[in-house]
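Asker: Sequence:
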Amino acid sequence: MDKNIIKETMLSLEGVALQSAREKYFDYIADARLDRSEPIENDEQAQAEIASDLSEALDDTLHDHTDKLDKLREIDFGPKSTVTEGALVRLSGRYFVIAISTGKFTCDGREVMGISTSAPIFEAIEGARAGETVEFNGRKLVIEAVA
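Under the numbering used here, the final residue of the sequence shown carries the number 147; numbering is consecutive throughout.
Treat the hints as calculated values from the structure; they're not laboratory data.
The reader is advised that the hints may include incorrect statements.
[Stated by the list, open to error] Quick list of in silico lysine to any residue cross-link-like pairs, SDA-like style, CA-CA up to 20 Å:
#1 Lys3 <-> Lys140
#2 Lys7 <-> Lys140
#3 Lys7 <-> Phe122
#4 Lys24 <-> Asp67
#5 Lys3 <-> Asp70
#6 Lys7 <-> Lys71
#7 Lys7 <-> Gly109
#8 Lys7 <-> Ala147
#9 Lys140 <-> Asp2
#10 Lys104 <-> Ser81
#11 Lys7 <-> Lys80
#12 Lys71 <-> Phe105
#13 Lys80 <-> Ser92
#14 Lys7 <-> Glu23
#15 Lys7 <-> Asp108
#16 Lys140 <-> Arg90
#17 Lys3 <-> Glu144
#18 Lys80 <-> Glu123
#19 Lys7 <-> Glu132
#20 Lys104 <-> Glu85
#21 Lys71 <-> Lys104
#22 Lys80 <-> Phe26
#23 Lys7 <-> Glu111
#24 Lys104 <-> Tyr25
#25 Lys7 <-> Gly103
#26 Lys71 <-> Arg129
#27 Lys7 <-> Val112
#28 Lys3 <-> Thr61
#29 Lys104 <-> Asp2
Bear in mind the structure is a predicted one, so any value in this text is a computation, not a measurement.
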């Protein structure tokens, strides 16, 4: 599996997520503005406050997606012989890329999931080589491949 394609796929998916979050953010910002040229009713004020709170939460989401895009651009996706950032790992028949956390996505016809270096499973597999067995949550897992 070509890790450059994986990286580009992850960048694309994260970019789409950022754009979606940005659109939702601007929608909520617009809803949070009150028309001050007319009398403001209590329910309008309450809805504006709720929209304002949601826009603040979405602002955090925007920063999260931006941080993930920056992180993806920085990671060296070159060949790896041990489980480290930028590695593609086959673990118990599943593919994981050590970069940022993601949901499952398809790349080169295979299902892949991104995990970050702060994920608990990364701590268990960090530094392992293909063929080694690691333990995670009381289960033994075989590192089948590292690229």
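Asker: Work down the list of hints and note, for each, if the structure agrees.
Answerer: A quick look at each hint next to the structure:
no.: 1; hint: Lys3 <-> Lys140; in the structure: violated, 26 Å
no.: 2; hint: Lys7 <-> Lys140; in the structure: violated, 29 Å
no.: 3; hint: Lys7 <-> Phe122; in the structure: holds, 19 Å
no.: 4; hint: Lys24 <-> Asp67; in the structure: holds, 18 Å
no.: 5; hint: Lys3 <-> Asp70; in the structure: holds, 17 Å
no.: 6; hint: Lys7 <-> Lys71; in the structure: holds, 11 Å
no.: 7; hint: Lys7 <-> Gly109; in the structure: holds, 15 Å
no.: 8; hint: Lys7 <-> Ala147; in the structure: holds, 13 Å
no.: 9; hint: Lys140 <-> Asp2; in the structure: violated, 28 Å
no.: 10; hint: Lys104 <-> Ser81; in the structure: violated, 24 Å
no.: 11; hint: Lys7 <-> Lys80; in the structure: holds, 15 Å
no.: 12; hint: Lys71 <-> Phe105; in the structure: holds, 18 Å
no.: 13; hint: Lys80 <-> Ser92; in the structure: holds, 19 Å
no.: 14; hint: Lys7 <-> Glu23; in the structure: violated, 24 Å
no.: 15; hint: Lys7 <-> Asp108; in the structure: holds, 12 Å
no.: 16; hint: Lys140 <-> Arg90; in the structure: holds, 14 Å
no.: 17; hint: Lys3 <-> Glu144; in the structure: holds, 17 Å
no.: 18; hint: Lys80 <-> Glu123; in the structure: holds, 17 Å
no.: 19; hint: Lys7 <-> Glu132; in the structure: violated, 26 Å
no.: 20; hint: Lys104 <-> Glu85; in the structure: holds, 18 Å
no.: 21; hint: Lys71 <-> Lys104; in the structure: holds, 18 Å
no.: 22; hint: Lys80 <-> Phe26; in the structure: violated, 41 Å
no.: 23; hint: Lys7 <-> Glu111; in the structure: holds, 14 Å
no.: 24; hint: Lys104 <-> Tyr25; in the structure: violated, 25 Å
no.: 25; hint: Lys7 <-> Gly103; in the structure: holds, 14 Å
no.: 26; hint: Lys71 <-> Arg129; in the structure: violated, 24 Å
no.: 27; hint: Lys7 <-> Val112; in the structure: holds, 11 Å
no.: 28; hint: Lys3 <-> Thr61; in the structure: violated, 26 Å
no.: 29; hint: Lys104 <-> Asp2; in the structure: holds, 17 Å
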